[in-house]
Amino acid sequence: MTDVIEVQGLTKRYRDIIAVDDVSFTIEKDTIYGLLGRNGAGKTTVMSILTAQNFASSGDIRIFGEKPYENARVLSRMCFVRESQKYPDDAKPVHAFRSARLFFPHWDEAFAQRLISDFQLPQNRRIKKLSRGQLSAVGVIIGLASRAEITFFDEPYLGLDAVARQIFYDRLLEDYSEHPRTVILSSHLIDEVANLIERVLVIDRGRILLDETTDAVRDRACTIVGDADAVDRFISGREVIHRESLGRTTSVTVLGRLGADDRARLAALGLDAAPVSLQQLIVRLTQHAAFDTPDVHATIEEVVR
Amino acid sequence: MIEEGRALFLQIAEGVEDSIIDGSLAEEAQAPSTNELAAFFRINPATAAKGVNMLVDKGVLYKRRGIGMFVAPGARGMLLAERRTAFADRFVEPLLAEARKLGLGPDDLSRLILEHAGTHAEPATTEGASR
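Keeping their order, the protein sequence lines are chains A and B.
Counting along the first sequence from 1, when you hit position 69 you're at 69 in our numbering, and nothing is skipped either side.
All you need for our numbering is the position in the second sequence, starting with 1, plus 1000.
Do not rely on the hints blindly, as some may be mistaken.
Listed next, the stretches of chain A that the computed footprint assigns to chain B, with coverage defined by at least 3 CB atoms under 8 Å from CB atoms of chain B [what the hints assert, rightly or not]:
#1 118-128
#2 195-201
Taking CB as the label site, the calculated pair distances span [to be verified]:
#3 A:ALA228 to B:ASP1057: 40 to 46 Å
#4 A:ASP22 to B:GLY1077: 54 to 60 Å
#5 B:PHE1091 to A:GLU66: 54 to 60 Å
Some but not every residue of chain A turned toward chain B, in silico, with C-beta under 8 Å [what the hints assert, rightly or not]:
#6 GLU28
#7 ILE32
#8 ALA96
#9 ALA100
#10 ASP215
#11 ARG218
Keep in mind that the hints were calculated from the coordinates and are not lab data.
Values in this document were obtained by computation on a predicted structure and should not be read as measured data.
Think of the CB as a built atom: it goes at the ideal place given N, C-alpha and C, for glycine as much as any other residue.
When you get a sec, could you build the whole thing from the sequences and use the hints?
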């Protein structure tokens, strides 16, 4: 696999805050990534630095093997759909689409028109007067119809209702099938995008917590439920990331895959094992990291690997 | 349709296998393409491709260049044999565990099974079992 993005030791400091802390990762060509993490984890900062809209404090970034700053060759191959994109005061969607058509060499006008009618977007109303959902639709349409080789969607769905989000997911998958390209999707609606993304990058407090294929992550944790004593016997020596109790019943989420031996032991102890969704796992991992010592990061990375 | 916590490509592969087992996808018939599976299950095409490739490696599907994937001859028999081997682990063991919890013995279970099988209008033998 070719890497279209290579990041080495990226750090971003804002005065005394470290937003991105010595991060290294690569992004493979023609793959849909989920860039996940809590608010303020550093997702938007990373994306804006990769698209040369922000400067790194230190570190090396290569996009298609080149540095992105003031590099038109690289920038015209990338599209960044921001959560809060600003447009000129009297601009209308039709103007935004016209500029996008000029800028992006692979722009597909027919596809854009189809998306405009899918999202029922009033093209000739001033963007200032659009609803939050319609504003998001403008960004989504530009992101999809630009067919840029690397497209970043930063929380593109704000204000979009469930139907409109499904249209976005469906059109993204359809168009990606026909025109494979690299997509980096940042989202809080993890369950909604879990089946769309091939790889997961979890950022927590400026560091990469998880960099894995989605399939590999799916069975990396499970929840053990049953009698408190029996649960304690089973989980001894395992990495516990969450615990809840209701009377005598305890529910504990542990990292690690269950083997046949584990299953037999669970049955013998009268315990149940429930799967953990990607969203639950990420909530547990990032919650865990929030009130534990920093070296927990290392433990989690080891166990998850 | 898709459950949490289990690798998606396995679930996709199982879905195709189910269609072959119940006969809706006949041997030598064209299997759904990776993109069709991706669109139907609303999943990443790479994941669907992984499921399809697994079925190719297993000999359930085979590729005709430039046309697509087809169900291999003998695939149904192979899958039936495989599923029957896994049947005890997947269904009988959990059944016994729940029965134990409720104080039901194997005899009670077999009586229940016979009773319930009798309430269905159709005869309890499947065409597969006579093979």
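Hints, one by one, checked against the model:
no.: 1; hint: 118-128; verdict: violated (count 0)
no.: 2; hint: 195-201; verdict: holds (count 4)
no.: 3; hint: A:ALA228 to B:ASP1057: 40 to 46 Å; verdict: 44 Å, holds
no.: 4; hint: A:ASP22 to B:GLY1077: 54 to 60 Å; verdict: 56 Å, holds
no.: 5; hint: B:PHE1091 to A:GLU66: 54 to 60 Å; verdict: 57 Å, holds
no.: 6; hint: GLU28; verdict: 10 Å, violated
no.: 7; hint: ILE32; verdict: 6 Å, holds
no.: 8; hint: ALA96; verdict: 28 Å, violated
no.: 9; hint: ALA100; verdict: 25 Å, violated
no.: 10; hint: ASP215; verdict: 5 Å, holds
no.: 11; hint: ARG218; verdict: 6 Å, holds
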